[in-house]
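Undergrad: Sequences are here, hints too, so could you generate the full structure?
Just so you know, the sequences run in chain order A and B. 179 is the number that the UniProt record's numbering gives to position 179 of the first sequence; each next residue is one higher, with no gaps. 29 is the number that the UniProt record's numbering gives to position 29 of the second sequence; each next residue is one higher, with no gaps.
Incorrect hints may have been included.
Since the list can't tell identical chains apart, any single copy or any two copies may satisfy a pair.
[Unchecked claim] The calculated lysine-lysine pairs, modelled on DSS-like cross-linking and capped at a C-alpha distance of 25 Å, are: (1) Lys205 - Lys243; (2) Lys205 - Lys510; (3) Lys101 - Lys483; (4) Lys461 - Lys317; (5) Lys243 - Lys101; (6) Lys142 - Lys461.
Keep in mind the hints are simulated off the structure, nothing from the lab.
Single-letter residue listing:
2 protein chains.
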Amino acid sequence: MADTRTQRRRSGGRAGAAARRGAAVIDQMPWNPPINIDHPTEPLPPEGVEAIHDGAMRILEEIGIQFLNEEAIAIFREAGCTVDGDIVRMGRDFVMEMVGKAPSTFTITPRNPDHTIEIGGKRLLFGNVSSPPNYWDMEIGKKVPGNREMCRNLLKLTQYFNCIHFAGGYPVEPVDIHASVRHLDVLYDKLTLTDKAMHAYSLGKERVEDVMEMVRIAGGLSHEAFEATPRMYTNINSTSPLKHDHPMIDGCLRLARRGQAIVVTPFTLAGAMAPVTLAGAVAQSLAEALSAIALFQYVRPGIPCVIGTFTSNVDMKSGAPAFGTPEYMRATQMTGQMARFYGLPLRSSGVCAANVPDGQAIWETSNSLWAAVQSGTNMVYHAAGWLEGGLIASPEKFIMDCEILQQIQRYMQPELCATGPEEIALDAIRSVGNDGHFFGIQHTQDRYTTAFYQPFLSDWKNYEGWEVAGGIWTAERAHLLFKEIIGSFDAPSMDAAIREELADFVARRKAEGGAPTDF
Amino acid sequence: MADTRTQRRRSGGRAGAAARRGAAVIDQMPWNPPINIDHPTEPLPPEGVEAIHDGAMRILEEIGIQFLNEEAIAIFREAGCTVDGDIVRMGRDFVMEMVGKAPSTFTITPRNPDHTIEIGGKRLLFGNVSSPPNYWDMEIGKKVPGNREMCRNLLKLTQYFNCIHFAGGYPVEPVDIHASVRHLDVLYDKLTLTDKAMHAYSLGKERVEDVMEMVRIAGGLSHEAFEATPRMYTNINSTSPLKHDHPMIDGCLRLARRGQAIVVTPFTLAGAMAPVTLAGAVAQSLAEALSAIALFQYVRPGIPCVIGTFTSNVDMKSGAPAFGTPEYMRATQMTGQMARFYGLPLRSSGVCAANVPDGQAIWETSNSLWAAVQSGTNMVYHAAGWLEGGLIASPEKFIMDCEILQQIQRYMQPELCATGPEEIALDAIRSVGNDGHFFGIQHTQDRYTTAFYQPFLSDWKNYEGWEVAGGIWTAERAHLLFKEIIGSFDAPSMDAAIREELADFVARRKAEGGAPTDF
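TA: Dropping the structure here:
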C-alpha cells in the first residue's frame, strides 16, 4: 500500500488542477494516440506477398465463402458473383475493385470530440479487453462469471486511462443481466461512464439498431449528423473456415448503410480452423475478411473497413489455443504486410494464454503488443485486461498492460531520437569533462522533468526500499491502484437532458422486451 | 508441482536417449544460435547517424579520454595522438583507421568445439546474468549475498539451457570465497560445469593471466593453439564520463596480445554520467568505446573487438537507475545503427529494475530483449537471470528468461514465414471447405509435431486445468523446474587428466596467494 501512496503523493504534488479530481490517482501520460514512426517488420519478400495474395484470391475464386445470410447472397448475385446455394465465389478483379473503394484512413467521432480517433496510416490505437465471460481479481482470487459491477469498473478503467483510445466490446460479459436487455444496460453504462469511441456487437438487428440509436442520443445528434461521419463501429469474426454467419453480416450491413465503421477479424487458429502452416492460415483469414469487405463496399462504396487478424495456433498436444507466441507474432506481421498491400487499416490484439497476471501473462502480452507495433497495426483490440485466451478479464492485468501501452506511446515520441546540437550536447560533455557528473548542470536542469518515461506502476526503488514499502509484487500493486482509481472515479460530464433521454430509451426498449435471445 | 511433473513426463516420452540424462527435465530447443532475419529498427535518419558520429569524433578530438594506464598513454603517444597528462585526444582519421582494422565477424572456440560461437553479422547470441553481488530465490525469499553454491547452480543453468550460448562473468559473486582466490575457484567451477565460451574479468594482471591459463588447460591446448584463434573474451566498462581505468585496459591489452576477444561496454546512465539527452549519451558512449578499440587495434591489428551499449537513464526524481525503458530501447537501436556504421559487432543486455520475477520484471526484460533483436545486437549479456538493475541474480528469473529467449530463437526460424504451395495449402483448405476442421487432415498430420513453438514453462491449460494442477504462478513453476534441473544435472564430460591439471593449477596459485585485492 505504501508504494501506491507514494505515487499518489507524487502525482498530487505535480498534477495541479487535475489533482482535485480522482483522475490524479496516478500521474499518467496525456491523451495522445501514438504515431508509429518505425518501419514495420516485414518477414515476407515481395514474392511472398504475391503468393499469399494469390492464395487468398484462389480461395475466393475456386473454393468460395459460405454466407449464411440471404441478403448478402442476393447482393453477391446482383454483383455478378458465382452463387451456389450459400457458397459465393468471386473473381479477384471484383474483390480488388471493391476493396480499392475502402478508405485507407478515416475517423470515428465519439460523444466527446476531443476523443476522436483517426484509424489508418501510422496511427496506433489501443482498446480495452472485450467480451470475456469471466472475471478475476486479486481480492476474489478465483475465476467467476462477470457481472454488471465488474463491467462498470472495467469501463471506468477504460475511461480513466488516456492510453486507451477506444471502448471495445463489453470488457466483461455481465451475465447477471438478462441477454435480452444486456446491451441496453451495458450501453447505458458505457455511454455514461466513458466518452470514447463506441462499439456495437453484431448480434441481431435489434441490438445493432438500439446501440446506434443510443450512440446518436448520447452524442446529441440528429439522424443526419449521425450518418454524416462514423460515430461508432462494429467488429465481426468469420466462422472459420470460410463462413460468415447471419447476424454478423446483418449487423455490418446495417452499420454500413448508416455510414458507420466495420472491422472484420477472422479468428483462425492454425491447425484447427485453418491450415497448420502460417501462410495458409493468413491466406484463409484474408480471404474471409476480404469477401465481407467486398460486400460492404459494394453496398456502400467508401464505407470505412478495417481488416483484422487473429491468426494464432493451437497446442497440438492438447488442442489448447496459444497466444502471443512466435507464430502469432509472425502471422501478425505478415498480415500487416498484406493490409498495406490492400490499402486497408489493420486490427490486431493484445493477447495471452496465461490464467493470472504473472510473468507468463506479460511475456505473451508483450510479444503480442510488440507484434502490433511491428506489423503497423492501427487498432489494438484487447490491449488491456485480457487473460486466459480471452475467457477472463482482470483489472490488475488491465492496469499492468496500461503501463506497457504508455511505454509504447513514449517509445513513439520522435524527440527520443533527436540529434540536433542540443541533443548531442557537446558543450555539456565538455563542461563535465573526465570527472564529475551530469546531475546538476544546466543542460540537465533544463530537461530533467520531461527527459524520461515516468512509470505509474513499475517500482524502481532498490530491493531494500521496495521491501520497506511492503515488498509488493506487480499484480498486487496493480490491485491497490485499481481500488484507488475506482474509488475516486469521476464520470465524464453528460448533459442531464441527454442522460434522461438515454434512460428513457433504455426503459422503453426494456418494456418492449429488448432483443431476441435465440442467437 | 503437478505442472512440472507433467512436463517431465511429456519430455521423457519424447526425448528418447536424452531422457536417460538429467538433461531431459524439460523438452527444450536444440543448440542453434539464431540468425536475426529481421531488418533492424533504425530510428536515426542518415543525418542522425552522421550527427552522432561527428559528436563522438569531436569528443575524442576536442575533449579527450582519460586513460589511467601508463602503458596505454605511451602507446597513444607513439601513435601520434595528443597526450596531455593522462588525457588523450585523437583525430577521427586515426580512430576510423584503427576501428577499420577490427573484424566484422569472428569466432570464439570453447573447450567443446560444438559450442563455438560466431560473433557479428546477423548472429544473435545470449549469455547468462553476470556479476550480481546478491542472490534471490523463492525458497530463500529474500535478497542474500551470493555464495559458491548459488554460483555453481547458476552455472549449471548456463550449461543446461541450449539457448544460452556463452558464459558471461560470474552469474553471482560468491562472496564466501576470498577475493584473492575467487577467480580460481569460480573458473574451476565454470570450466568443469560448462563447456561454453568463457569470460575473464579484467581485474588485474594475475586474474587475467590465471584465467587465460585455465582456459588453455581446459581446452587441452598448447600456448600456440590457444593464441591461434579466440578461445575466450573479456568485457570492460569505461568509468564514465570519458575515462578508462588501469586494470580494465591492462586486462584487455593482455588478452589482445594473446589473440583473445574484447568487448568494450561503457555504462552511461543518461542524466547521471552522460547527458540527459539520448543522442548525447550515445555519442559519449561511442567515444569511450571507440577510443579503447582504437588502442587495441593499434597494438594488435585485427584483434576481435565488440562495441557494447549500456545507455539507460536514471529516474530524475530519485536518482535510481531505470532499465528496459522506452529510452533504453531507443538508445540500443541507435547504437545498433552506429555499430553497423563502424563495422563492429554489437553487445547489449537483457535488463530490468524489478526486484522480483514478477510482471514488471518481464515487461522490462521483454522490452530490452526485443530492443536487442531490433538493434541487430550480436551478444546479449545478462540475457537470463538478472533482477534489481543487476544487483540480484535469480534462478527463477533465469528460467523465465530462457522461455523468452527460446521464443526469440523460434521467431527467427525462416520456415515460419515460408510461402510455397505447401504452406499456402490451397489443397488442404479446399479439402476442409466451409465445414469441419484441420485437426485430422494429412497436411496437419505431416507437420503438427514441429509446426509450433512448444513452451517448457508457459502453462497453456485453461483456468480450471491450471487450478487443478495447483494454480501455480509462473515464478513458482520456474522454481520447481530449477530444483529439478539442478537435482539431475550432469556436468559435461572432461578428460580426467585435464581436470587434474586444472585442480593442480588452482592449488598452486592458491598456495602462491592468488591475486592482489587492492582493486
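Undergrad: Work down the list of hints and note, for each, if the structure agrees.
TA: Now the hints, each set against the structure:
1. Lys205 - Lys243: within (20 Å within a copy, 72 Å between copies)
2. Lys205 - Lys510: within (16 Å within a copy, 85 Å between copies)
3. Lys101 - Lys483: neither (47 Å within a copy, 60 Å between copies)
4. Lys461 - Lys317: Classified as between: cross-chain Cα gap 11 Å, same-chain 42 Å, threshold 25 Å.
5. Lys243 - Lys101: within (23 Å within a copy, 61 Å between copies)
6. Lys142 - Lys461: between (30 Å within a copy, 15 Å between copies)
Hint check: a violation occurs at hint 3 only; the rest are consistent with the structure.
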